[in-house]
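Using the hints provided, position chain B relative to the given structure of chain A.
Quick note, the sequences are listed as chains A and B, same order. For the first sequence, this note's numbering begins at 1 and goes up steadily by one. For the second sequence, this note's numbering begins at 1 and goes up steadily by one.
Don't read these hints as lab results, they were simulated from the structure. Keep in mind the model is a prediction, meaning the values are calculated, not measured. For every residue, glycine included, the Cβ atom is placed at its ideal position computed from N, Cα and C. Heads up, a few of these hints could be off.
Taking lysine-lysine and the DSBU-like style, the derived pairs with C-alpha atoms no more than 35 Å apart in a straight line are [to be verified]:
(1) B/13 x B/57
(2) A/70 x A/59
(3) B/57 x A/57
(4) A/57 x A/70
(5) A/56 x B/57
(6) B/13 x A/70
(7) A/56 x A/70
Some, not all, of what chain A presents toward chain B, calculated at C-beta under 7 Å [to be verified]:
(8) 36
(9) 38
(10) 42
(11) 48
(12) 102
(13) 104
(14) 106
(15) 107
Now the stretches of chain B that chain A is said to cover, found in silico as 3 or more residues with beta-carbon under 8 Å [claimed, not checked]:
(16) 42-53
(17) 104-114
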Amino acid sequence: TQLLEQSPQFLSIQEGENLTVYCNSSSVFSSLQWYRQEPGEGPVLLVTVVTGGEVKKLKRLTFQFGDARKDSSLHITAAQPGDTGLYLCAGEADRGSTLGRLYFGRGTQLTVWP
Amino acid sequence: KAGVTQTPRYLIKTRGQQVTLSCSPISGHRSVSWYQQTPGQGLQFLFEYFSETQRNKGNFPGRFSGRQFSNSRSEMNVSTLELGDSALYLCASSTAAGRIYEQYFGPGTRLTVT
Numbered sequence: 001t002q003l004l005e006q007s008p009q010f011l012s013i014q015e016g017e018n019l020t021v022y023c024n025s026s027s028v029f030s031s032l033q034w035y036r037q038e039p040g041e042g043p044v045l046l047v048t049v050v051t052g053g054e055v056k057k058l059k060r061l062t063f064q065f066g067d068a069r070k071d072s073s074l075h076i077t078a079a080q081p082g083d084t085g086l087y088l089c090a091g092e093a094d095r096g097s098t099l100g101r102l103y104f105g106r107g108t109q110l111t112v113w114p
Numbered sequence: 001k002a003g004v005t006q007t008p009r010y011l012i013k014t015r016g017q018q019v020t021l022s023c024s025p026i027s028g029h030r031s032v033s034w035y036q037q038t039p040g041q042g043l044q045f046l047f048e049y050f051s052e053t054q055r056n057k058g059n060f061p062g063r064f065s066g067r068q069f070s071n072s073r074s075e076m077n078v079s080t081l082e083l084g085d086s087a088l089y090l091c092a093s094s095t096a097a098g099r100i101y102e103q104y105f106g107p108g109t110r111l112t113v114t
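Just chain A, same shape as in the assembly (with noise of 0.2 Å):
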């Protein structure tokens, strides 16, 4: 059983077109991070959220952190063959009781076509 859920699990789009990836759980995090992902090479961290509600912007890529702390959202403007790549989504549980672990989602599969 996955703790965080991200969906969708393969997203296939045109170059310029608009996208939003999903991470979901019923569990809080203390603080969720995304990640991407190339072939053949390790996942590179994008952003850190950690207050409820916060949104951070990176250039065309808009990250939400969900009011309670439970959900988190990629939002993608104007792709470009260059977002191509795994998402993941990770998520630090209270570090009372699994302190130094992250909880990952399975990935969304991004492919932009020019």
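Showing chain B alone in chain A's frame:
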């Protein structure tokens, strides 16, 4: 600052053999986590070491073991390899200090068991 390095990058082994993978964390990072990544299961947590002590452990059989040295470098060992152990093994390091726990990944070791 140099990133996380993993050696070797690629490895081919035969069923029944054992293998040792190495990870050098970012300078100053005291926490090292190991993950197994396969297309079907996503990122599966193996274990986490902090200051030479295993602090967290995932649900993997005892054939998977690890250790951390005083310089924070870590090794992971898999004994009696099975075909299902073929995967990308990722190492991630963290300062594990402060309020937020962020991990920085290495490029991974691609293990193929034949």
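A quick look at each hint next to the structure:
1. B/13 x B/57: Distance of about 25 Å is within 35 Å: holds.
2. A/70 x A/59: With a Cα-Cα distance of about 25 Å, the restraint between residue 70 of chain A and residue 59 of chain A holds, given a limit of 35 Å.
3. B/57 x A/57: Distance ~34 Å between residue 57 of chain B and residue 57 of chain A Cα, so the pair holds.
4. A/57 x A/70: Distance of about 19 Å is within 35 Å: holds.
5. A/56 x B/57: holds, 32 Å
6. B/13 x A/70: violated, 41 Å
7. A/56 x A/70: holds, 17 Å
8. 36: violated, 11 Å
9. 38: violated, 10 Å
10. 42: holds, 3 Å
11. 48: holds, 6 Å
12. 102: holds, 6 Å
13. 104: holds, 4 Å
14. 106: This hint holds: residue 106 of chain A lies near chain B, its Cβ roughly 4 Å from the closest one there, short of 7 Å.
15. 107: holds, 6 Å
16. 42-53: The restraint on the region 42-53 of chain B holds, since 5 of its residues have a Cβ under 8 Å from chain A and three suffice.
17. 104-114: holds (count 6)
The structure fails hints 6, 8 and 9 (numbered hints given earlier, in ascending order).
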